[in-house]
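There are 2 protein chains.
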Amino acid sequence: MQEIRLASRPTGWPTADNFELAETTTPEPGDGQVLVRNLFMSVDPYMRGRMNDTKSYVAPFAVGEPLDGGAIGEVVASNSPDVPVGAHVTHALGWREFSVLDAARVRVVDPAAAPSLSAYLGVLGMTGLTAYVGLLDIARFREGDTVFVSGAAGAVGSIVGQIARLKGAKRVIGSAGSAEKARRLVEEFGFDAAFNYKDAPVREQLSAAAPDGIDVYFDNVGGEHLEAAIASLTKFGRIALCGAIAQYNDTAPPAAPRNMASAIGKELNLRGFIVGNHFHRMPDFLAEAAPWLRDGSLAARETVVDGLANAPEAFLGLLRGENIGKMIVRL
Amino acid sequence: MQEIRLASRPTGWPTADNFELAETTTPEPGDGQVLVRNLFMSVDPYMRGRMNDTKSYVAPFAVGEPLDGGAIGEVVASNSPDVPVGAHVTHALGWREFSVLDAARVRVVDPAAAPSLSAYLGVLGMTGLTAYVGLLDIARFREGDTVFVSGAAGAVGSIVGQIARLKGAKRVIGSAGSAEKARRLVEEFGFDAAFNYKDAPVREQLSAAAPDGIDVYFDNVGGEHLEAAIASLTKFGRIALCGAIAQYNDTAPPAAPRNMASAIGKELNLRGFIVGNHFHRMPDFLAEAAPWLRDGSLAARETVVDGLANAPEAFLGLLRGENIGKMIVRL
Chain A
1 MQEIRLASRP TGWPTADNFE LAETTTPEPG DGQVLVRNLF MSVDPYMRGR MNDTKSYVAP
61 FAVGEPLDGG AIGEVVASNS PDVPVGAHVT HALGWREFSV LDAARVRVVD PAAAPSLSAY
121 LGVLGMTGLT AYVGLLDIAR FREGDTVFVS GAAGAVGSIV GQIARLKGAK RVIGSAGSAE
181 KARRLVEEFG FDAAFNYKDA PVREQLSAAA PDGIDVYFDN VGGEHLEAAI ASLTKFGRIA
241 LCGAIAQYND TAPPAAPRNM ASAIGKELNL RGFIVGNHFH RMPDFLAEAA PWLRDGSLAA
301 RETVVDGLAN APEAFLGLLR GENIGKMIVR L
Chain B
332 MQEIRLASRP TGWPTADNFE LAETTTPEPG DGQVLVRNLF MSVDPYMRGR MNDTKSYVAP
392 FAVGEPLDGG AIGEVVASNS PDVPVGAHVT HALGWREFSV LDAARVRVVD PAAAPSLSAY
452 LGVLGMTGLT AYVGLLDIAR FREGDTVFVS GAAGAVGSIV GQIARLKGAK RVIGSAGSAE
512 KARRLVEEFG FDAAFNYKDA PVREQLSAAA PDGIDVYFDN VGGEHLEAAI ASLTKFGRIA
572 LCGAIAQYND TAPPAAPRNM ASAIGKELNL RGFIVGNHFH RMPDFLAEAA PWLRDGSLAA
632 RETVVDGLAN APEAFLGLLR GENIGKMIVR L
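As you go down the protein sequences, you meet chains A and B in turn.
Residue numbers for the first sequence follow the working numbering, beginning at 1 and rising by one.
Residue numbers for the second sequence follow the working numbering, beginning at 332 and rising by one.
The hints are simulated quantities; they were obtained by calculation from the structure and are not laboratory data.
Since the model is a prediction, treat every value here as computed from it, not as a measurement.
One should not assume that every hint holds.
Claimed, not checked - Each pair of labels, with its calculated beta carbon distance range:
1. Ala113(A) x Val389(B): 35 to 41 Å
2. Ala618(B) x Arg142(A): 28 to 34 Å
3. Lys386(B) x Glu143(A): 25 to 31 Å
4. Ala287(A) x Asp433(B): 52 to 58 Å
Using N, Cα and C, we set each Cβ at its ideal position, and we do this for glycine too.
Bound conformation, chain A alone (with noise of 0.2 Å):
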């Protein structure tokens, strides 16, 4: 079987070379355990800070060891009763062919249930539930805000946009990289008004999207669009930070939010938070969402990659911005 590793570390933007397509032989499956064969897998942003060596809130990746992440395939053997041949499964160990997994490390899901298997590693995964909870928990999203995504065309924040809209938001703003991609958030995912942040700087786009000033800001990018965001932000305004893609690749540390202090007058409220530590909401995420997503109000776009040796590249077009919604790799 093949398997991706990593194969340095990068410094800065990552490139090719630091991935390294390996063979090996395909495990078998211990007393307790199934080998599944993985048909998706996904790429995400946060698998850029695991290429440091430095601690965080998930161990980095080994140099030599292959890289691990979200995917779904399939149970060809078993030795668990609990989980059969032919179950579809979701898990943690991706970037690879084949996964051998305790029963308890994986979760059985319904093909017939989603769109696509794929689903389950965006919409109806760990995308979705972020978004949902990231608005809803922590930026207490409330019927009649005006909500401002950055990163809003990536598979969070259009996620988070359309939660908004079918939530009763005033108004929802988003920015992204590019003008097709501003235009596809509104035509696409419903958006009210969206910028390419490349055009001008994002304080300006984003006042004059929102003249009112915002409620409710959902960050995936930090930075400057952070710094904007509370410019913007109303009396009692609130943020959830959950992505600063913007600075993952800096070899430096970013100068902004400079304007800490308005934070003081305004009440403003502030809060990072990881989806891990929120997975008791994924009922009350499926039941609200499961039925947006059959009945058309929730739009779930994919970028797809075929073939698992292309992983490193959908990975490195994801931090380039090329994805629009969630970037899957198709095994």
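Here the structure of chain A is known, so what remains is to put chain B in place on it, guided by the hints.
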């Protein structure tokens, strides 16, 4: 009577020239109004912001008009049955010898219930309530937390540290602007550790004082202190953003904090607040603080400047950090 007017708006650090001591006619109280002879007035860091012509949570001072702010005095004429002559009242029209106010705009206090009348401007007034609300409600302090306070020798900071100690903090750390202040934080206010932030980078000194990290940061300072605190905060750490005195006189925005992205993985919560929206907590605060003050477990220091004419100098000294505890002007 005399009053202090705003002569001109400062750029950067204010100077004595921005203030004017003026003679004016002592006003007569109208229907339902009282005339108060002021005995003490408060100077506070937030007043610096009101010297600028910028919209904030309180209106700017007007050039050529008297300043205002917290004061306490004795009623010398009254057209209100609710507030008799001889009553002692706190109100918001300081910076002048006599104030006329609607009776509804003053609060009658009991001189016998406080160690000094001026305490109603400090430890038993807005200052104490700011410390209490910020620590308990905004930063959600819990017994066993390690707490870091900046501007810790100031009016609010010195009370924050003491409340944290009285409520069972594991460790209380303060920063201040001189070795003398740092010494007094430990010796007079019961902090476990304190440092002079001018001695070495805050990040290094905080890390040395709190090798296991901090759980709560009460920010009176902003800038480098805020960045250092974000670096030291543990998982689910909380920040009360109360002031940013380090940058009130800056003409360019500060560069820090450059590490906001680490608020994501640590799931930090940063909340700005102003005490004006938390007056409902005054009874709870007084019920706890008055006994502490009586039995000596809460030390309330004041730096007292004599004479209305010296109020501008008191205010400038406050901005330069020349006070220990509450800066008070005795009229």
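Status of the hints after comparison with the structure:
no.: 1; hint: Ala113(A) x Val389(B): 35 to 41 Å; verdict: violated, 55 Å
no.: 2; hint: Ala618(B) x Arg142(A): 28 to 34 Å; verdict: holds, 33 Å
no.: 3; hint: Lys386(B) x Glu143(A): 25 to 31 Å; verdict: holds, 28 Å
no.: 4; hint: Ala287(A) x Asp433(B): 52 to 58 Å; verdict: holds, 55 Å
Hint 1 from the earlier list is the only one contradicted by this structure; the remaining hints agree with it.
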